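Kindly produce the complete structure, drawing on both the sequences and the hints.
Protein sequences appear in the order of chains B and A.
Each residue of the first sequence is one higher than the one before, starting from 0 at the first, in numbering that gives the first Met the number 0.
Each residue of the second sequence is one higher than the one before, starting from 0 at the first, in numbering that gives the first Met the number 0.
Everything labelled a hint here was simulated from the structure, so no lab data went into it.
Being a predicted model, the structure only gives us computed values, none of them experimental.
This list has only true hints and no planted wrong ones.
Computed cross-link-like contacts, DMTMM-like style, restricted to lysine to aspartate or glutamate with a CA-CA straight-line distance of at most 20 Å:
#, chain 1, residue 1, chain 2, residue 2
1, B, K253, B, E163
2, A, K28, A, D59
3, A, K94, A, E25
4, B, K274, B, E1
5, A, K274, A, E6
6, B, K48, B, D59
7, A, K231, B, D97
8, A, K94, A, D83
9, A, K94, B, E98
10, B, K94, A, E98
11, A, K231, A, D215
12, B, K48, B, E188
13, B, K36, B, D215
14, A, K231, B, E98
15, B, K36, B, D211
16, B, K231, A, D97
17, B, K231, A, E98
18, A, K242, A, D226
Reference excerpt, derived from the structure (chain A facing chain B, CB under 8 Å, subset only):
#, residue
19, K24
20, H74
21, L77
22, A99
23, L103
24, H124
25, S131
Backbone N, C-alpha and C fix where the C-beta goes; we use that ideal spot for every residue, glycine too.
Spelled out, the chains give:
There are 2 protein chains.
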Amino acid sequence: MEQMIQEINKRLEELLSQPQSGAVKEAMKYSVLAGGKRLRPVLLLTALKAYGYDYHQYLDVACAIEMIHTYSLIHDDLPAMDNDDLRRGRPTCHKQFDEATAILAGDGLLNQAMNVMMNTAIDDHMKVMLTSVLFKASGVSGMIYGQQQDMYYESHQATLEELEDIHHYKTGCLISAPLEMAGIIIGKEQKELRNLGFHLGLAFQIQDDILDVTSDSQTLGKNVGSDEENGKTTYVSLLGLEKSKAYADDLFKKCLEDIYGLTCNHGIMIALLEKVIRRVN
Amino acid sequence: MEQMIQEINKRLEELLSQPQSGAVKEAMKYSVLAGGKRLRPVLLLTALKAYGYDYHQYLDVACAIEMIHTYSLIHDDLPAMDNDDLRRGRPTCHKQFDEATAILAGDGLLNQAMNVMMNTAIDDHMKVMLTSVLFKASGVSGMIYGQQQDMYYESHQATLEELEDIHHYKTGCLISAPLEMAGIIIGKEQKELRNLGFHLGLAFQIQDDILDVTSDSQTLGKNVGSDEENGKTTYVSLLGLEKSKAYADDLFKKCLEDIYGLTCNHGIMIALLEKVIRRVN
Numbered sequence: 000m001e002q003m004i005q006e007i008n009k010r011l012e013e014l015l016s017q018p019q020s021g022a023v024k025e026a027m028k029y030s031v032l033a034g035g036k037r038l039r040p041v042l043l044l045t046a047l048k049a050y051g052y053d054y055h056q057y058l059d060v061a062c063a064i065e066m067i068h069t070y071s072l073i074h075d076d077l078p079a080m081d082n083d084d085l086r087r088g089r090p091t092c093h094k095q096f097d098e099a100t101a102i103l104a105g106d107g108l109l110n111q112a113m114n115v116m117m118n119t120a121i122d123d124h125m126k127v128m129l130t131s132v133l134f135k136a137s138g139v140s141g142m143i144y145g146q147q148q149d150m151y152y153e154s155h156q157a158t159l160e161e162l163e164d165i166h167h168y169k170t171g172c173l174i175s176a177p178l179e180m181a182g183i184i185i186g187k188e189q190k191e192l193r194n195l196g197f198h199l200g201l202a203f204q205i206q207d208d209i210l211d212v213t214s215d216s217q218t219l220g221k222n223v224g225s226d227e228e229n230g231k232t233t234y235v236s237l238l239g240l241e242k243s244k245a246y247a248d249d250l251f252k253k254c255l256e257d258i259y260g261l262t263c264n265h266g267i268m269i270a271l272l273e274k275v276i277r278r279v280n
Numbered sequence: 000m001e002q003m004i005q006e007i008n009k010r011l012e013e014l015l016s017q018p019q020s021g022a023v024k025e026a027m028k029y030s031v032l033a034g035g036k037r038l039r040p041v042l043l044l045t046a047l048k049a050y051g052y053d054y055h056q057y058l059d060v061a062c063a064i065e066m067i068h069t070y071s072l073i074h075d076d077l078p079a080m081d082n083d084d085l086r087r088g089r090p091t092c093h094k095q096f097d098e099a100t101a102i103l104a105g106d107g108l109l110n111q112a113m114n115v116m117m118n119t120a121i122d123d124h125m126k127v128m129l130t131s132v133l134f135k136a137s138g139v140s141g142m143i144y145g146q147q148q149d150m151y152y153e154s155h156q157a158t159l160e161e162l163e164d165i166h167h168y169k170t171g172c173l174i175s176a177p178l179e180m181a182g183i184i185i186g187k188e189q190k191e192l193r194n195l196g197f198h199l200g201l202a203f204q205i206q207d208d209i210l211d212v213t214s215d216s217q218t219l220g221k222n223v224g225s226d227e228e229n230g231k232t233t234y235v236s237l238l239g240l241e242k243s244k245a246y247a248d249d250l251f252k253k254c255l256e257d258i259y260g261l262t263c264n265h266g267i268m269i270a271l272l273e274k275v276i277r278r279v280n
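Structural data, given as C-alpha cells:
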C-alpha cells in the first residue's frame with residue numbers, strides 16, 4: 000500500500016505542476032502535497048487490484064478524487080466555515096496564504112479534478128460514467144449537502160438519525176464513490192461496493208469524532224476539541240465514548256461481511272480495512 | 000435573442016430544481032435566476048444558429064457555462080475578495096444568505112455545471128471535447144488565474160500590458176470558450192471563433208471599466224466606483240475615459256472584421272455584437 004501511496008503522490012505532483020504559475024497554484028500544491036492518508040484514491044486502486052486489475056491506468060482518476068477531497072478541506076477550514084488553523088500537521092491554506100488565495104485554490108482544485116478526468120487516457124464512455132459518479136458524490140446532492148447540514152446543526156441539536164444523515168453525505172459519499180467507480184470499471188458488484196463504502200465512511204467518521212476527544216493535535220495533524228468548540232453534535236456527544244467505539248466496531252464488522260460478499264481477493268481488501276481500523280490520524 | 004434567453008432561463012430553472020433541497024440550493028437558484036445578460040450561453044447558441052444548427056440540443060451546455068460564470072461572481076463578491084454587496088440588482092449571495100452558504104453555493108454551481116455536462120444527451124466524445132475546453136477556460140490556467148492576477152494588482156500598479164493579461168484570463172477565457180465550443184460542434188473555424196471571443200472579451204471588460212465610472216448602481220445592478228475603492232488599475236485609470244472608449248470601439252471593429260471572416264450568417268452574429276456594443280449594464 001505504501002508503494003501505491005507513493006505512486007499517487009508522484010502523479011499528484013506531476014498533475015499539479017501543469018497549471019499556470021502563481022499564488023493559487025502554490026496554494027493548491029501546498030495543501031495537496033502536505034501528505035494525508037490518501038484513503039479515497041487508495042480505495043479505488045486497491046479495489047481494482049483486489050479484482051485483478053492493473054490499477055495504473057486509473058492513477059489519474061485516483062488523483063482527481065484526492066483533489067476534490069483536498070478542495071473540500073480547504074473550503075471547510077475557512078473562517079466562515081470551521082475556522083481551523085491546522086490541517087495535515089501544517090497551517091491551513093488560508094493561514095499559510097490568505098483567505099482569497101485559499102478560496103481560489105479550492106476552486107482551482109475542483110476545476111483541475113475535472114481537467115484531469117477529461118484528459119486521462121481512458122475511453123470516453125468510461126470517462127463520462129466515472130466522472131458522473133464522482134461529481135454527483137461531491138456535489139449539492141452529495142458532499143456539499145452534507146457540509147450544509149453540518150453547518151446547520153452547529154446551531155441546532157441533531158438526533159442520531161440526523162447525524163447519520165449528515166455524515167452519509169459529508170463523509171460517506173466521497174468514500175463510497177471510489178469503490179462504486181471501481182465497480183463500474185470492473186463491470187460488476189457496483190451496488191455492493193457502494194454499500195461497503197457507506198459503511199466504511201460512517202465508521203471512519205465515528206473514528207474522527209472519537210479521535211477529536213482522545214488524540215492530540217500533534218498526532219492528528221489538526222486541532223483537537225474543535226467539534227465541541229464549534230458546538231457540533233458528534234457520536235461522542237450523543238452516545239458517549241464507549242458506545243461510539245462499540246458502534247464503530249460494529250460497522251467495521253459489517254465492512255468485513257461486505258468484503259466477504261465480494262468476488263475479489265479478500266485479503267487485499269481486508270488489509271486496507273485493517274489499516275483504517277488501526278488509524279491514529 | 001429574447002426567446003433564446005427565455006429558453007436558457009427556463010432550462011436553468013429546471014436544472015437547478017434537481018439538487019437536494021436546502022440553503023445551498025436556494026442560494027444557487029437565487030444567484031443564477033437573478034437575471035443577468037446571459038452573454039456567455041447566448042454566444043454559444045447564437046454561433047450555432049449562425050452556422051445553421053438547431054441549437055436546442057446544446058441548451059444544457061449553455062446552462063453549464065452560465066452556472067460557471069455565476070459561481071465565479073459569487074466567489075468574487077465575497078468579503079475576502081472584492082467584498083461587494085450588490086449584484087444583478089440584488090444583495091450579493093453572502094449578503095442575502097451568509098458567507099458559508101455563499102462559498103458552498105459557488106462550489107455547488109461549479110459541481111452542478113459538471114453534472115449537467117456529463118448528463119446532457121450528446122455523444123460521449125463530443126461531451127468530453129466540450130467539457131475539456133470549458134473547464135480549461137474556467138480553471139487555474141484560465142479564469143481563476145485571471146482572478147488571482149486581479150487580486151495581486153490591487154496592491155501593485157499594473158501596466159497596460161499586465162492589465163490586458165489579467166482580462167485575457169479573467170474575462171476573455173469564459174467569453175471565448177462558448178465560441179470555441181461552437182467551433183468544435185460545427186467542426187470548423189474553431190481558432191477564428193476563439194479569436195473573436197478574446198477580442199469581444201477585452202472590449203467587454205473595457206466597457207465594464209467605463210460603466211464603473213459613468214453609470215449608476217441602479218442601471219448597472221452592482222456598485223459603481225468599486226474599482227477605485229479597491230485600488231484597481233483599470234483602462235480608465237490608465238488611459239482616461241476618452242481613450243478607453245476609442246480603444247473599445249477599435250476592438251469592436253476588430254470583432255466585426257472577425258465575424259466577416261467566418262463562413263456563417265453574418266447578420267445573426269452582428270445583431271449580437273451590436274447588442275453588446277449598446278449595453279448599459
